[in-house]
Amino acid sequence: MTKTSSGVRIRADAALLAGLGRFGALAILIVVGALASDVFLSGRNISNIVTNASVIIILGVGQTIAIITNGPDLSAGSVLTICAVIATLMVKQLGIFFPIAILAALALGMFLGFLNGYMIARIGIPSFISTYGLQWAVFGFAYVILKGYVIYDFDTSFRFIGNGYLFGTIPMPIVVMLLVVTGGMFMLRRTVVGRELYAVGANRVAARMSGVDTEKKIIQAFILSGALAALAGIVLVARINAVQADIGKNYVLPVIAAVFMGGTSPTGGRGTLLGTVIGALIITVVQNGMNLLAVDSVWRDAVIGVLIILTVLIDITMQKRLARIQAA
Amino acid sequence: MSGFSRILKNVPAVLWVELLLVIVFSFFSRNYLTTRNLLILLQQGAVLLVISAAATFVIISGGLDLSLGAIMTVAGVFTALAVNAGFPIPAVIAVGALVGTACGAVNGLLISFAGMEPFIATLGMQGLLYGISLAMTNKEGIPVSNERFVFLGDLVNRTVPMAAISCGLIFLLAVFVQNHTLLGRYTFAIGGNEEGSRLSGVETRFWKWAIYAFAGFLTGLGAVVLVARLEVADPIVGVQWEFEAIAAAILGGTSLRIGRGDVRGTIVGVMLITIIRSGLNVVRVPSVWQPAIIGTIIILSIVFQVWISTSGKERK
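Order-wise, the sequence lines are chains P and Z. Count along the first sequence from 1, then add 306; that gives the number in our numbering. Count along the second sequence from 1, then add 1; that gives the number in our numbering.
Accuracy of the hints is not assured; some may be wrong.
[Claimed, not checked] Straight-line C-alpha distance at most 30 Å; calculated DSSO-like pairs for lysine-lysine:
#	chain 1	residue 1	chain 2	residue 2
1	P	Lys555	P	Lys522
2	P	Lys555	P	Lys398
3	Z	Lys140	P	Lys555
4	P	Lys398	P	Lys453
5	P	Lys555	P	Lys453
6	Z	Lys140	P	Lys453
Honestly, the hints are just simulated from the structure, not real lab data. Remember, it's a predicted structure, so these values are computed and weren't measured experimentally.
Sequences and hints are given; from them, build the entire structure.
Below, the structure is given as structure tokens:
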């Protein structure tokens, strides 16, 4: 009996330690940034960082839920792109009332998420192949629609969600991000659906045995991921006031990095949205630092790639050590 | 049963589709079923066949390599630099192969020895390797013009498809390794039952590492031929290649879960992708539409193939 309880305590301590480690990493990065650049700690730059992080966090919430339940949604960058393209096209070219355009984009994101979920759960293609494959087709269609052009300069009412300020002070991307994170946390922690998603990811067979419709849960998780990718796309284009066919390409690696930095387990069943938020802040601070230090853009993906590998390596090492302590 | 009839039995649907497509395309253009066009098709599909063979090994073993396109790109950049530095041809080939093997070996270390999920390790490597190739080339292609090197991928006198011959030889090597070496045997064993193989005395960690390194080796050789054929090393040429390679393996009958497959079957998958690509030009599909259509067809055919192969015995 003592063995189990001490095992639980060690696990809890390790989780706490990992959480502190993430905060520590973020704090160190902030100190380094402040020392390296005068403007880093300016209010303007900080607001910039959090606003930039918001898009990654919105995507990251969907990604975290997908990975907890089954596996990565590597199509998120492409879904973001095509939904942004469709929404802006409706607003700008067809003059459709902007809430309808936003709803249409969300519906498209959910549809693409459904396709991913269907391929994974019903056909049985692993998510890192099905979503990776869907990505190329979707980017292809975004390219067909835009034909290499850029759509820019949208109506202020449409831009409010990315460019506006709530009560004149809080940037709207941060507001949307906070709503998404709170909603996601509530769903994962306080609802039956949330528990079932964790259960499906931790052990799909056991979840099915205990009466969970595992295929339906996987499809739901990917629909959610698709919807959030669409939302992130709308916020992003409303903020930067332009859209082109490869706008989402730069988001795939950073989002995956943020999720794993947040301690989500690659094999499913374990992960928190708070972790993803911290992970996204770390990634954004790193990106911001590279901008301020004028690091050549060619190295940006490389740095993120190395960060992904290092983070997961550290996580694996910690898990192994934990297992050894528990066994002793 | 002979090897060929086994292939026939494994992938009938895809082969029939290919035959149908060739007939349809030859109606659209009188030049489609000409020797010259078939030679061009061979040249275009050759390198993909090598990369797909690499992907097939990894998938049979139960793994995944999303960095193959990036490995090909980096190996190609080093190859071009070696050519332009005046290396003799055998040394140039060795450079490409070594760079590819080194990248694959890093993947293998991360996956087999450190225990990372394949998709994470190879996705991270993809980012790193494209960064390296972009930095080394300053974001521009490196042209090569050494005649004796370019010969390796040339369509000599418009009749001798050297890229196809070079890649054919590399492919035969892959088939040999699959059928006649320990590496080949353990690839199937690990894919079929990794724990069981380990318990029966197979050094699974080492062999898993070796599979990724070998995939990198094949990809590096493929990169040499690609640079010779295109006469340029482009810093992002490999984007999406890993996906087409995975698709070719799946279409060729390689199973995603149970360590079953055959490098030879992958030929059929590569043929399908190459035929579709050429056919879109023949039926004059505008080039803007091609990525969307090819992407859609490939993902649909994967869905179809996996659906067929699991609707019978394997399901659950």
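Taking the hints in turn, this is what the structure says about them:
no. : hint                  : verdict
1   : P/Lys555 <-> P/Lys522 : 29 Å, holds
2   : P/Lys555 <-> P/Lys398 : 23 Å, holds
3   : Z/Lys140 <-> P/Lys555 : 17 Å, holds
4   : P/Lys398 <-> P/Lys453 : 16 Å, holds
5   : P/Lys555 <-> P/Lys453 : 17 Å, holds
6   : Z/Lys140 <-> P/Lys453 : 23 Å, holds
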